[in-house]
Every structure is written in C-alpha cells, then in structure tokens.
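Engineer: In case you want the letters, here they are:
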Amino acid sequence: MKPAPFTYHDPTTADEAVALLATHEDAKVLAGGQSLMPMLNMRFVVPDHVVDLNRIDGIAGIRDAGDHVEIGAMTRQRDLMRDAVIAAKAPIIPAALHWVGHFQTRNRGTIGGSLCHLDPAAELPCLMALYDAELTVQGPDGARKLPFAEWPLAYMLASIGPDEILTGVSVPHWGGNTGHGFVEFARRHGDFAIVAAAALLTIDGGKITRAAISIGGADVRPIRLTEAETALVGAAPDTEAFKAAAEIARGIEAMSDAYVTSAYRQRLAATLVERALIAAANNLAPNANGSA
Amino acid sequence: MADTRDIELTVNGESHAANVETRTSLGDFLRHGLGLTGTHMGCEHGVCGACTVMVDGEAVRSCLMLAVQANGHEVTTVEGLAEDDGTLNALQAAFWKHHGLQCGFCTPGMLTTLTAFLRDNPDPSERDVREAISGNICRCTGYQGIVDAALDAAKTMQKGS
Ligand SMILES: Cc1cc2nc3c(=O)[nH]c(=O)nc-3n(C[C@@H](O)[C@H](O)[C@H](O)COP(=O)(O)OP(=O)(O)OC[C@H]3O[C@@H](n4cnc5c(N)ncnc54)[C@H](O)[C@@H]3O)c2cc1C
Ligand code: FES
Ligand code: FES
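Top to bottom, those sequences are chains A and B. This note's numbering numbers the first residue of the first sequence as 1 and each following residue consecutively. This note's numbering numbers the first residue of the second sequence as 1001 and each following residue consecutively.
One chain only, chain A, in its complex shape (with noise of 0.2 Å):
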C-alpha cells in the first residue's frame, strides 16, 4: 500500500507543468490527490514521473466575469462552498459539493481534478453538463477551449492529452428568477451517488421560461435531459409538467453494475428528476412572480 518509486516534479507555473508533461514519458498530474493518490498507494498507477500542480499559483481562485463565473482548475472543493461569488451566481454547486466526499476530502480534492477523473457518479461532471460549461485546456502549443459536452469521451476518459493540463472552466450564470435542484440517492453520505440529477430552471411570468436538467451515475458520462428541458420551456412550473419531465428521465440509457441494474438505474432517475425540479421551482430568487 505505498506508491511505487517515482520522480517528482513541482512546477510553479502551467507552462513550466506543462513543458514537463512534454518531455517526460509516463508522466501523471497530482492535483488534490483524492483519488491519484489511493491508486498510487494501490499500485493501480505506476507512473515514472509525477508532476503536482500544487505550487502553480494562477490556476486556482474564482473571478466573478459578470454573466459567468471563472473557476481555476486548482480551486479547493471546499473553497467553492465558502466562495460569495458561487453563492451568488451559481448556488447549485455548494449544494452538490455537499455529497462530495467528506469535508477532509473536499479540503483538498480540487474541481479540475474532478473533471478530469471523470467518474461517472461524480457530482461536479453532473453540474458541467447542466451548465455546459467552457473549459480551458493548456498544452505546447498554446490553450484551446471545449464545451463540456465534448469533454467525456468514454468511461473516466477525458478529451485531454497526457501533455496537457485542464487549467479552469467557465461557468455561465443563469440570471433572473432562477432556481436549482440537486439530488442524489447513494448506500451511505459521502460514497458516490448510484444517480444524481440536477436542475436549473427559469421562471417568468408563472411560466417556465429556461430549463437545463442533468443526471449523473446512470451511464458512464453525464446525461443532459433535452427532451424533457424543451417541453418544459412554455409550461407551468407545476406537478404535470415535473411528472412528464421524470417519465422522459425513466427512458434513459443506463449502467448496470454488481449492485444495481439499469432498471432500478431508471426508477431512480426519474424520482430523482422530479424531486429536484421540484426543488428547483421552491427556490428561486425571493421576487419570483412565478407560482411554483
């Protein structure tokens, strides 16, 4: 249970971080270590190089941008929950940040690491989704940016090189009478979710007027709920509209594993979807002229 020998590297910039990821074979990123770190000491992973991103300075923090928020790929779990800016302009996350682990892993797991682990059941890859969000990928040959949605592209495979580093992420805010919704079901507090779902809705006039859901653990990447986020657009933030919304939700493709089938997958998410657009509609900012 000890990592096998290898040669660290502490960069203090993304440039210097990545220039090593360049030039040296079999190398792996350390961010918060809660998950590289059991696989080290489990020898799932045996890298020749380590390189911690922990002394880069300009890749963690969150800077308010008016109509999105940017978050660097370093910013500490537990940061996002104490930050005014994200509880102002997009609560949804230290609402799901809850279930993330325990309050020592937050402490240091980061939300980049997150992303990049990319487990299917993890809650910050649910939230991306529902936000499709922007994120900023750093290699030699300068940053490129993607939209979340391009991000998956297998089980835990994310669309990043072994020389690159994800260095943040924008998260747009959703402005007006806005509400979310965030549930998840798991065995105990603090394991991953078996499903989660997690919504955004905005009412205007009793009416809704935007709706983004996501669902997370019922396959192996995040699932955006489309269907069901357009026959909402028009209608009444009510429990019809809630109901239909969660019989789209039961007709997802979804994982089977030792514990549980793709069936009880389903019933879940279609419970789960409905709880949280309920949830949605009963919080939305104090002058909702909209009746949820």
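None of these hints come from the bench; they were simulated from the model. Check before you lean on any hint, since a few could be wrong.
[Said to hold, decoys possible] If you want the footprint, here are the derived chain A segments under chain B, 3+ residues with CB under 8 Å: (1) 1-15; (2) 18-26; (3) 35-41; (4) 92-104.
For each residue, glycine too, the CB sits at the ideal point set by N, CA and C.
For this one, chain A is given, so just place chain B with the ligands on it according to the hints.
Structural biologist: Same frame as chain A, but now just chain B with the ligands:
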C-alpha cells in the same frame, strides 16, 4: 536511486527538517520519520479517516498527501491536542467520559476531524456531527459515544470561551 527532497515543516508547534523520499505519504513520514505514531494508518486509500491530521488547521487524510507536499506547512497530529500541561483537552476529556473509544484505532482521526469541525461549527446538531464523522470509520463503538462526546465537548468549549 530513490528520489528524495529536503523538507521543513512545523509539527505540533515544533519545527523539523528532514530528507524524505518523495513517494512517502505524510502519514508514514509522521510515524516513521518523526516517531509520532499517534496518527494511525488504516486503509491507506482515503476511506477510513484514521490517518486524519490537520494541515494549516484543516483536517486532511495524511495517506492521501505526500510528505513533500507538507514542506513549509504546519501540521497538527493527535499528539498536539492536549493542554500545555499534558492534561486532556475538552474534546479528549469528553471522549473519555462518554466512552467515545474502545480499541482506540480510529480515535486520533476522530479527534483531529472533530477539532477542526468544532472550531468551524461551535454549536452543531447531532446530525451535523454525524455528517462530520461520516468519513471516519469506527469498528468498535457504534458511534453513539463519539457523537455524545462531540456534542458535550461543544457545550464545554462554548462555556469556556
Ligand atoms: C473517501 C472518498 C470519498 C469520495 N467521494 C466522492 C464523491 O462522493 N463524489 C465525487 O465526485 N468524488 C468523490 N471522491 C473523489 C474526490 O474527492 C476527488 O477530489 C476527485 O475525484 C479528484 O480530484 P483531486 O483534485 O483530488 O484530483 P487527483 O486525485 O489529484 O487527480 C485525479 C485525476 O485527474 C488528473 N488531474 C487532476 N487535475 C488535473 C488537471 N488540472 N489537468 C489534468 N489532469 C488532472 C490526475 O492526473 C488524476 O488522473 C471521494 C474521494 C474519497 C477519498
Ligand atoms: S488510512 Fe488514510 S483514510 Fe484510511
Ligand atoms: S474505537 Fe475501535 S475503531 Fe473506533
């Protein structure tokens, strides 16, 4: 040849300098490098919480951090919790009073976790306490004594301050 680094860190108020192999976890360094065996290694993959210490005041799993990453930082282990005269602090005394431990393997992690938690949440509900220790596994007590101890310690600490 082993990859090593010179590090300097403060542990329980005392500064230490050491040469560590870079793959060494902070927990192993505390135990084997400094002889501070109060920190217990259980699962070594982040699940049990036994190895919890405080780094710059925040509770973290010392099996998921490299010793080299603690360079320049301040670490508090269970050995650093007692009062200056060596008597049990309020939390430790409450564990004693409420039978918050049996074999004691989980105790260092429980105490460091709850020290950080109670500092940030001086008046927690029972549910808050249970959530705070949800990442710490105890095979002996059934948790009830630990929860009672934490709630009692919170009261004592509030009276004291
Ligand atoms: C007990 C326990 C419970 C947990 N429960 C949950 C849970 O319920 N939900 C959940 O979502 N997570 C959970 N986690 C995992 C979560 O805590 C991790 O923080 C997260 O998965 C990885 O983030 P990290 O910063 O720790 O990254 P690391 O572990 O350091 O890295 C993870 C992977 O991403 C790569 N990587 C990291 N950052 C970058 C970057 N900037 N650019 C390129 N590659 C990068 C690394 O090379 C590695 O492959 C749990 C962990 C533990 C120990
Ligand atoms: S030994 Fe670190 S969490 Fe179990
Ligand atoms: S007292 Fe034995 S594991 Fe908790």
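Engineer: Hints first: check each against the structure and report whether it holds.
Structural biologist: Each hint tested on the structure:
1. 1-15: holds (count 9)
2. 18-26: Violated, because only 0 residues of the region 18-26 of chain A bring their Cβ atoms closer than 8 Å to Cβ atoms of chain B.
3. 35-41: holds (count 4)
4. 92-104: holds (count 4)
Checked against the numbered hints given earlier, this structure breaks only hint 2.
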